[in-house]
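Chains H and E, in that order, are what the protein sequence lines are.
Plus 88 on top of the position in the first sequence (first one is 1) and you've got my numbering.
Plus 88 on top of the position in the second sequence (first one is 1) and you've got my numbering.
Keep in mind that the hints were calculated from the coordinates and are not lab data.
Some clues are possibly wrong.
No copy is singled out in the list; a pair is fine if it fits within one copy or between any two copies.
[Claimed, not checked] Result set (DSS-like, lysine-lysine): computed pairs, CA atoms no more than 30 Å apart in a straight line:
| no. | residue 1 | residue 2 |
| --- | --- | --- |
| 1 | 354 | 206 |
| 2 | 174 | 376 |
| 3 | 358 | 206 |
| 4 | 135 | 376 |
| 5 | 335 | 174 |
| 6 | 376 | 206 |
| 7 | 335 | 358 |
| 8 | 248 | 376 |
| 9 | 335 | 135 |
| 10 | 354 | 135 |
| 11 | 174 | 248 |
| 12 | 135 | 248 |
| 13 | 135 | 358 |
| 14 | 206 | 135 |
| 15 | 248 | 354 |
| 16 | 174 | 358 |
| 17 | 135 | 174 |
| 18 | 248 | 335 |
| 19 | 354 | 335 |
Computed from a prediction, not measured in an experiment: that's the story for all the values here.
Number of protein chains: 2
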Amino acid sequence: MSKPTPLFNRLALIGVGLIGSSIARAARAQGAVRSIVATARSPATRKRVAELGLADQVVESNAAAVEGADIVIVCVPVGACGAVAKEIGPHLAAGVTVSDVGSVKGSIIRDMGPHLPKTAHFVPAHPVAGTEYSGPDAGFAELFVNRWCILTPPAGADPKAVDKLAAFWRLLGANVETMTADHHDLVLAITSHLPHLIAYTIVGTADELQTVTRSEVLKFSAGGFRDFTRIAASDPTMWRDVFLANKDAVLEMLGRFTEDVAALTKAIRKGDGETLFEHFERTRAIRKGIVEIGQDSPAPDFGRPHPDLAHEPLPKPYAAED
Amino acid sequence: MSKPTPLFNRLALIGVGLIGSSIARAARAQGAVRSIVATARSPATRKRVAELGLADQVVESNAAAVEGADIVIVCVPVGACGAVAKEIGPHLAAGVTVSDVGSVKGSIIRDMGPHLPKTAHFVPAHPVAGTEYSGPDAGFAELFVNRWCILTPPAGADPKAVDKLAAFWRLLGANVETMTADHHDLVLAITSHLPHLIAYTIVGTADELQTVTRSEVLKFSAGGFRDFTRIAASDPTMWRDVFLANKDAVLEMLGRFTEDVAALTKAIRKGDGETLFEHFERTRAIRKGIVEIGQDSPAPDFGRPHPDLAHEPLPKPYAAED
Chain H
89 MSKPTPLFNR LALIGVGLIG SSIARAARAQ GAVRSIVATA RSPATRKRVA
139 ELGLADQVVE SNAAAVEGAD IVIVCVPVGA CGAVAKEIGP HLAAGVTVSD
189 VGSVKGSIIR DMGPHLPKTA HFVPAHPVAG TEYSGPDAGF AELFVNRWCI
239 LTPPAGADPK AVDKLAAFWR LLGANVETMT ADHHDLVLAI TSHLPHLIAY
289 TIVGTADELQ TVTRSEVLKF SAGGFRDFTR IAASDPTMWR DVFLANKDAV
339 LEMLGRFTED VAALTKAIRK GDGETLFEHF ERTRAIRKGI VEIGQDSPAP
389 DFGRPHPDLA HEPLPKPYAA ED
Chain E
89 MSKPTPLFNR LALIGVGLIG SSIARAARAQ GAVRSIVATA RSPATRKRVA
139 ELGLADQVVE SNAAAVEGAD IVIVCVPVGA CGAVAKEIGP HLAAGVTVSD
189 VGSVKGSIIR DMGPHLPKTA HFVPAHPVAG TEYSGPDAGF AELFVNRWCI
239 LTPPAGADPK AVDKLAAFWR LLGANVETMT ADHHDLVLAI TSHLPHLIAY
289 TIVGTADELQ TVTRSEVLKF SAGGFRDFTR IAASDPTMWR DVFLANKDAV
339 LEMLGRFTED VAALTKAIRK GDGETLFEHF ERTRAIRKGI VEIGQDSPAP
389 DFGRPHPDLA HEPLPKPYAA ED
């Protein structure tokens, strides 16, 4: 099938990390835009983006990036979005759509909204996708395929601009859902923010033990621990900002989680096998649901590779007697 | 290279779930034993083991299984091992090696040891490997390759028997380490038991929320939550037994984890970005270490598959103006 007519003429990407560079790759692969202009704060990143050929043009300032763009996507950590909005506000073309990819939406609306002109369509977005790697080399065009992108248009947003941004994300392979920023922040607090905080915590706990060495933690991590280390390897700046920006919802979920830990701790202390079994039985259904709707792989172990068995020579003294 | 001379003549497997059936497949693939006899508590499992051809012989009782075996591996949940030892004790051949695969070792020595005759070599073992699936169909020959198998021989164990069991596990692809049962239980409490408990907890927490629906939890699980659901889908009976059997070490690790959660909670509440950043920066190194020693895949997202982008027709009204 031939590629579709571009949705937008000129996409300006501010920030080209894992998400920004994946948008660039996917938008180009899908012919979603006619041209891409990109910028990044660090000269090293701008150089790398140019080397990778991720954009038609790499510029040095945010103001220059948005000149003549009909879509601007801000792909920097949540805590930096307000300052970017302030910088680009005066340079935005009339009718431009301004969006972002932040994992918190209430703070984005609060921080960016006031700096954007009335002639811009502000439609915050959050593609729920990512890996544990960061930077322009880490992105890939397929990152958003079959993942959800949540739009949280503020009250009074132009429905046509919202629909067009939704069409853009669908073209990049995502499913799109619209909700309020407050509800988004509550949903993500449990499906993303709390899991990251818990993973960061337990990896830290393991690293501080005196009785178990780090070498032992690494060697025997296949017992479950290694699953936590993946998300605890995510970008520290991004995640610091998320917890600061979504404080209330995260604290709410942390409170509930802490209560539940206390209940299971009590069951262990009392030797209450029945309570443990009932709890463990119930959680299986959630995994099944996630696999069924295609949000995770049914392959054992996430489909991690298992090397073949080698036939090595057997040490003689141990052979079975004939 | 030709297959090695078998290490043992007759392997008796008591319990043929994920681990037992993987041992059967790997032992056969590697020619580690001359023959395999298997048994399982449920007639359905025995029937399935026979259908899959996992053993040379499938018998109905534990006593019958161990007759004439020179190695017996008990592959049932930790809480059931004592009763199995009592049953097989009187039927064990002199010089037999008796082992297990339990995730807790202190309780195994306490529960099984007293029932085994002095003429048997009792060498408890724990292959630190597994997937979220259970049962004889879930096993595969490569499960133990490059994973660690921990042996915890009780004081006075015959070094030759220990070495021979180590050779068996190496033949199945595992690395072998020997330590005391107490130390094993502490190491596994942090690398396996606590991660499972936390995963079970958070999945339960998510499922009980009134403000976020189950459908939302499933849809947006790619934000991190889905990583936890894999280990929270592990066998409930096995895990109930683990927490009851390793109570002290698990409570110790839970205590430390709870303190660390409280510290990060406080940092969020106070808006202390510096503490959060420092913590998140530190945990990255652990992931790197695990990948470097080959205990996890460096592929993003555990190597989960990402479907290709499809070029779908673009809805007309949204195309860019020429």
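Structure-based check of each hint:
1. 354 - 206: neither (56 Å within a copy, 39 Å between copies)
2. 174 - 376: Neither: 45 Å inside a copy, 38 Å across copies.
3. 358 - 206: neither (62 Å within a copy, 35 Å between copies)
4. 135 - 376: between (44 Å within a copy, 26 Å between copies)
5. 335 - 174: within (23 Å within a copy, 55 Å between copies)
6. 376 - 206: neither (46 Å within a copy, 47 Å between copies)
7. 335 - 358: Close across copies (9 Å), not inside one copy (34 Å); limit 30 Å.
8. 248 - 376: So residue 248 and residue 376 fail the 30 Å test inside a copy (37 Å) and across (45 Å) alike.
9. 335 - 135: Neither. Shortest intra-copy (35 Å) and inter-copy (54 Å) distances fail the 30 Å Cα cut-off.
10. 354 - 135: neither (55 Å within a copy, 40 Å between copies)
11. 174 - 248: Cα proximity of residue 174 and residue 248: one copy only (25 Å, versus 74 Å across).
12. 135 - 248: neither (36 Å within a copy, 61 Å between copies)
13. 135 - 358: neither (60 Å within a copy, 38 Å between copies)
14. 206 - 135: Classified as neither: same-chain Cα gap 34 Å, cross-chain 71 Å, threshold 30 Å.
15. 248 - 354: This pair counts as neither: shortest intra-copy Cα distance 54 Å, inter-copy 43 Å.
16. 174 - 358: Between copies, since 26 Å is at most 30 Å while 57 Å is not.
17. 135 - 174: within (25 Å within a copy, 70 Å between copies)
18. 248 - 335: neither (32 Å within a copy, 59 Å between copies)
19. 354 - 335: both (28 Å within a copy, 11 Å between copies)
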